[in-house]
Amino acid sequence: MTVIDVSGLDHKTINESLRRADGECALLHCCGQRFIAAGMSDKKITIEGIPGNALGAYLNGASIVVNSNAQDQTGDTMNEGVIVIHGDVGDAAGYAMRGGRIFVRGNAGYRAGIHMKAYGAKSPAVVIGGRAGSFLGEYQAGGVIVVLGLGSDGQALVGDFPCTGMHGGKLYLRTDRLTVPFPNQVTARPASEEDLDELRKLLAEYCDQFGLVLDEVMNAPFTVVTPDSQNPYRRMYVAN
Amino acid sequence: MGVDFLYPEFEVVRNASRCTNCRLCERQCANEVHSFDAESGVMLADDSKCVNCQRCVAFCPTRALKIVESDCKFRSNANWSDQTIREIYKQANSGGVLLSSMGNPNRLPVYWDRILVNASQVTNPSIDPLREPMETRVFLGKKPARIKRDAQGRLDVRLEPQIELAVPIMFSAMSYGSISYNAHESLARAATELGIMYNTGEGGLHEDFYKYGPNTVVQVASGRFGVHERFLLAGAAIEIKMGQGAKPGIGGHLPGAKIVGDVSRTRMIPEGTDAISPAPHHDIYSIEDLRQLIFSLKEATEYQKPIIVKVAAVHNIAAIASGIARAGADVIAIDGFRGGTGAAPTRIRDNVGIPVELALAAVDRRLRDEGIRNNVSLVVGGSIRSAADVVKAIALGADACYVATAALVALGCRLCRTCQSGKCNWGIATQRPELVKRLDPELGSRRLVNLVSAWRHELMEMMGGMGINSVEALRGNRLMLRGVGMTEKELQILGIAHAGE
Amino acid sequence: MEREGQIRIPAGCAIAALVSRDGSKTSGEAITNAMKPMRDRSNGLGGGFAAYGIYPEYKDFYALHLFFDSRDVRKGCEAFLKERFEIVQSEIIPTRKIPEITDEPIIWRYFVAPLQSQLKSAQLDGDEFVSRAVMKINAQMDGAYVFSSGKNMGAFKAVGFPEDVSRFYRLEEYQAYQWTAHGRYPTNTPGWWGGAHPFGLLDYTVVHNGEISSYDANRRFIEMFGYKCTLQTDTEVITYIMDYLLRVQRLTLTETANVIAAPFWSAIEQLSDAEERARLRYLRAVFPSLLITGPFSIVLGFNGGLMALNDRLKLRSMVVGEKDDKVFVASEEAAIRAMEENVENVWSPAGGEPVVVRVKEGAF
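Order-wise, the sequence lines are chains X, V and B. Letter by letter, the first sequence follows residues 1 to 240 in the numbering used here. Letter by letter, the second sequence follows residues 1001 to 1501 in the numbering used here. Letter by letter, the third sequence follows residues 2001 to 2364 in the numbering used here.
Think of the hints as simulated: they come from the structure by calculation, not from any bench. Incorrect hints may have been included.
Computed list of lysine-lysine pairs in PhoX-like fashion (alpha-carbon distance at most 25 Å, straight line) [what the hints assert, rightly or not]:
#1 K12/X to K1049/V
#2 K2097/B to K2036/B
#3 K2036/B to K12/X
#4 K2075/B to K2228/B
#5 K1423/V to K1049/V
#6 K12/X to K1066/V
#7 K2360/B to K2136/B
#8 K2120/B to K2136/B
#9 K2082/B to K2136/B
#10 K2120/B to K2059/B
#11 K12/X to K1148/V
#12 K2059/B to K2326/B
Model the full structure from these sequences, guided by the hints.
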């Protein structure tokens, strides 16, 4: 295990140290340094303090654990790997991610899972323990987003305008009460047995990370939102 | 029929005395214009399906065919043109947004055509490019502000990563999906042979084309299709696409019908699903966020790849370019409002953006005013039609030009402007296997090599005429340009004198 | 080369703020630390701070901070001031020579009160009188620029990175109950100190991140009311809008937020409370030209508190945190942690949701 005190170090130096280190690394006293572990594939990184924007951008298999909050664009265009955040995550978490997992114990900001996509064996997942901000899953093209609303005290699980432009994948909400309107081109329905089986597997991983009891998390109604079409804008244009 | 009936725009004229009913036209037309009527024994044509791509004209063995513009127009009206009226009928019928392809076809000023180039007479000699050395090699990328030496006083000759071009021309971004596999292969092979770059566009990089990596620019757009670590490392440079001249400010949308087979695999999205590129990069809402994306790419590629930032030419382009230069970009690519596209809303294509000539002049001057022109290279595109346009662009201040429409024309494109249909008879803007195979990459790449080699000779001829034997000495050399028929303001923005001055 | 005001220069940025609800004062050190982890959000071409409660000995006087290009301009400007104000104190603002900050103009401050006779003849209150004098100097007096004009507060700004600007102005020597800070990323080289932020009028100061798309619609509207947007920056027009809505129209802070970052019509229509619906419809209908679109996160500072606000789509990040009597706002959480490692209750306000912090009455 390599331990690096990153106070005063810039992102370039931190990433160079990470590339040199083999296997497990711990970064201490992080305060806003960006791009940590960008594109990395074979590291296990633990972060104390607040990592900066674009944490784990283009991540390609590495695993990152953040013991506090994380900022914006976490897991931007991530391809593979796991990012675990014990606190909240900022805006646009998992933008355009294609594979891997982002597990957030707390809340997510605006535009979580925006333009997530899936392909073949690659299917990304973002699980948010608390609540999610507006524009959740905008243009979602694949993969799974889950919002659990743990400890949300009756507050709305999602902000305004969820799933706009959604044309693939699934959104799970741990509630049967939808507080905001969903767009016309998606369908919200109670989760089926099949859905719950899929969800259980994913949440088992999630609960493992945070020491939660799976049965307690599963013991609630779940709503599933799916798009009606892969081609939501087909009828919008006329050839000229 | 009835109120929404529009008389076909084009008429197929068949010379019956030459037609042998060989039915080649029928087989060549994916739009199904031609058919053979067995009963009467003659070839028929459904004019309403014709897009004037002239495939049948080109392949008719007896030259029996021609396509003409129909003269059945609405009553002429200088305000309500035939086109305007037709568009209203289409929209009243469908409720749809009008969709077009390729660049803005309207009658707006082409400044290249109002700029004339100098030549040496008497006071200094012109150079004969066929017999004297004439250099066209350029390096794109950041140049250091100060030289460095080691302890022994030797120069530290390490540079930030550069793009080396044998000719100051690159094939600009066209995604695999918007154009065909064979079109991409033609571009990639030609770029390799020419020592220049082609550009993947935003659709990822096909497995087969990784081998052309040293002559490839890989593009990262807002949809991030096919973007992953290996892709980022595959090319000679990475381009962040912020905008496109044909459709500044809006995203892209490749219909699910074109996401088939290898296109789906390369974009890494399922077959049949729409490929939607958001209008903005959702991690860039401000200039300092662009810095973040540039450096996240640099981090992910360990600072080995120059980063190009491509933007559409818009009103505030000089300030935008300055911000991009300061955000750490190595190259800025500016795409003018005449740039092509596989599909764009007509209103956007025809009304948004500014001419690249003016954008280039403004940006080059602004970066020089700020003393940062050497920190960044400038590439311009958006309808560079000939070697003369290249010469003028470089003299205005560009380091190199992006060329796409001209490259497609070299491959056979007739600028029929219906790429969005996916039925390109020339095998370019299509994914239908039977159409794609019409474009032979061997032949296609040879035609592209011919075109760029010819342009290179022309560039050298024009440089030689000016007494310049290296393209570096042409760059930003605005004294070599004069304007004709322009206003004071236009000349001032272009930073050139009027002919005769 | 054209400078700020002659052309419009869009900029991106970093912002931060720190306020004590109890009115307890801190030096400029913490707010300066906040800007360090956000260095990538600025480019060294502008930084600045606003500090509230720093001039208790002159708290009843307007503190005018000015840049002058030359001694002659200063003399001319002082003559202008003397015709209109009683000047109780005039002095050079103390600075520290550091290599990171160069080409400084002449920087002075004046503590002034409008002459009663002038107020009477102009039939104006003190605030309006000062505001007009500031407009006049900034629009008409070449080489003079008022960059701060409120009571018991001051803005400090320069061309440089914010942490260097703080050292230059010796902000560790000031004690304020509220600080705001700005690191700028302009798309040019302004080389002019007036273009840095915060931008202020009277005790209103604005620090802002983002480039708004409604700029000229807002500007052309607000200029009807005597404001002159001489810098062509977003922050300037936002400040005038704030002044107009809060001071002239006497809207509350929340109402002001509902005008500039108005809820979407779809959101208004969904409200179950008919009175609230009517209120929001009214504000949108009355002030359509003051709706601000495009990305922004701002902190509006004023005597006795601040308001933090995001645009309604929340296109910029903004984080708020608390610890004891203190409230912190910044573009990034890291900045807040740099001010207070053990900050509690960190959250990101939703787009268009104003966060208003007021200092206890009597404590400022």
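Right, here's what the structure says about each hint:
1. K12/X to K1049/V: violated (58 Å)
2. K2097/B to K2036/B: With a Cα-Cα distance of about 20 Å, the restraint between K2097/B and K2036/B holds, given a limit of 25 Å.
3. K2036/B to K12/X: Holds, because 16 Å separates the two Cα atoms, which is no more than 25 Å.
4. K2075/B to K2228/B: With Cα atoms ~24 Å apart, K2075/B and K2228/B stay inside 25 Å; holds.
5. K1423/V to K1049/V: The given pair, whose Cα atoms are some 11 Å apart, holds under the 25 Å limit.
6. K12/X to K1066/V: With Cα atoms ~63 Å apart, K12/X and K1066/V exceed 25 Å; violated.
7. K2360/B to K2136/B: violated (35 Å)
8. K2120/B to K2136/B: With Cα atoms ~19 Å apart, K2120/B and K2136/B stay inside 25 Å; holds.
9. K2082/B to K2136/B: Roughly 14 Å between the alpha carbons, so the hint for K2082/B and K2136/B holds.
10. K2120/B to K2059/B: With Cα atoms ~23 Å apart, K2120/B and K2059/B stay inside 25 Å; holds.
11. K12/X to K1148/V: At roughly 21 Å apart (the allowed maximum being 25 Å), K1148/V and K12/X satisfy the hint.
12. K2059/B to K2326/B: holds (23 Å)
Checked against the numbered hints given earlier, this structure breaks hints 1, 6, 7; the rest are met.
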